[in-house]
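A.B. asks: Quick mapping for you: the protein sequence lines, in order, are chains C and S.
Residues in the first sequence are numbered consecutively from 1, following this note's numbering.
Residues in the second sequence are numbered consecutively from 1, following this note's numbering.
Since the hints were made in silico from the structure, they are not lab data.
A few of these clues could be false.
Taking lysine-lysine pairs in the DSSO-like style, the calculated list, with each CA pair at most 27 angstroms apart, reads [as the list claims (entries may be wrong)]: (1) C:LYS98 <-> S:LYS57; (2) S:LYS42 <-> S:LYS78; (3) C:LYS42 <-> S:LYS83; (4) C:LYS67 <-> S:LYS42; (5) S:LYS78 <-> C:LYS42.
Footprint (simulated), chain S over chain C, 3 or more residues, beta carbon under 8 angstroms [said to hold, decoys possible]: (6) 26–34; (7) 42–49; (8) 98–111.
FRET-style restraints, in silico, Cβ to Cβ [to be verified]: (9) S:GLU18 <-> C:ALA17: 45 to 53 angstroms; (10) C:SER52 <-> S:GLY16: 45 to 53 angstroms; (11) C:GLN80 <-> S:ASN52: 41 to 49 angstroms.
All C-beta atoms in this analysis are idealised placements derived from N, C-alpha and C, irrespective of residue type, glycine included.
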Amino acid sequence: QKEVEQNSGPLSVPEGAIASLNCTYSDRGSQSFFWYRQYSGKSPELIMSIYSNGDKEDGRFTAQLNKASQYVSLLIRDSQPSDSATYLCAVIGSVFNKFYFGSGTKLNVKP
Amino acid sequence: EPEVTQTPSHQVTQMGQEVILRCVPISNHLYFYWYRQILGQKVEFLVSFYNNEISEKSEIFDDQFSVERPDGSNFTLKIRSTKLEDSAMYFCASSEAGGRGLPQHFGDGTRLSIL
Numbered sequence: 001q002k003e004v005e006q007n008s009g010p011l012s013v014p015e016g017a018i019a020s021l022n023c024t025y026s027d028r029g030s031q032s033f034f035w036y037r038q039y040s041g042k043s044p045e046l047i048m049s050i051y052s053n054g055d056k057e058d059g060r061f062t063a064q065l066n067k068a069s070q071y072v073s074l075l076i077r078d079s080q081p082s083d084s085a086t087y088l089c090a091v092i093g094s095v096f097n098k099f100y101f102g103s104g105t106k107l108n109v110k111p
Numbered sequence: 001e002p003e004v005t006q007t008p009s010h011q012v013t014q015m016g017q018e019v020i021l022r023c024v025p026i027s028n029h030l031y032f033y034w035y036r037q038i039l040g041q042k043v044e045f046l047v048s049f050y051n052n053e054i055s056e057k058s059e060i061f062d063d064q065f066s067v068e069r070p071d072g073s074n075f076t077l078k079i080r081s082t083k084l085e086d087s088a089m090y091f092c093a094s095s096e097a098g099g100r101g102l103p104q105h106f107g108d109g110t111r112l113s114i115l
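Whenever a hint applies, use it, and build me the whole structure from the sequences.
C.D. replies: In structure tokens, the structure reads:
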């Protein structure tokens with residue numbers, strides 16, 4: 001069983017639209033959740049962290065967490081071509097300080 | 001902004017040789033990590049390190065691998081008897097101490113090519 005699952009995409013959205021990225025996880029004891037952005041050939045770059053159920057907003061980004069459904073999502077409003085990248089969901093499970101990454105969702109924002 | 005630095009950016013090594021990848025974590029961070037990403041695949045956890053010892057390791061991190069903090073700033077990953085399948089991008093990361101899982105900050109990676 002995969003610890004963290006994401007749709008690999010690609011997800012294509014027009015410039016200015018809302019991009020919705022989803023992630024599910026298997027460890028019900030997980031407490032910490034992160035979204036990273038990775039451009040091709042580059043390292044993962046932290047976008048947001050979320051620890052509590054509900055929404056957390058930071059600029060154009062909103063992370064949503066539902067622990068009962070073991071589901072975390074990332075919304076990107078007013079998508080820009082520069083947002084085109086692979087978005088990685090990462091979860092710290094019951095084992096502290098061991099990150100599990102999803103395989104990532106590739107986002108294409110078309111001008 | 002403080003950052004994690006990794007050297008070299010690209011390492012080419014003959015199969016069977018030993019290689020050492022180097023990392024300088026963010027100065028006030030106390031938890032250190034190594035990850036591997038084979039081309040086109042997901043980021044895979046290798047090992048976490050705290051208080052001068054391994055705190056967690058994955059099934060990938062077998063006897064071929066070792067980590068060390070030789071001084072107050074460097075954190076190294078040694079791979080012995082390298083194999084073709086060790087070719088990958090290796091990322092070092094660090095995070096602050098704390099009771100809650102805090103985000104990890106990644107270096108730019110070392111691309112390891114085994115010939």
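A.B. asks: Taking each numbered hint in turn, which are not upheld by the structure, reported in ascending numerical order?
C.D. replies: The structure conflicts with no hint, since it agrees with every one listed earlier.
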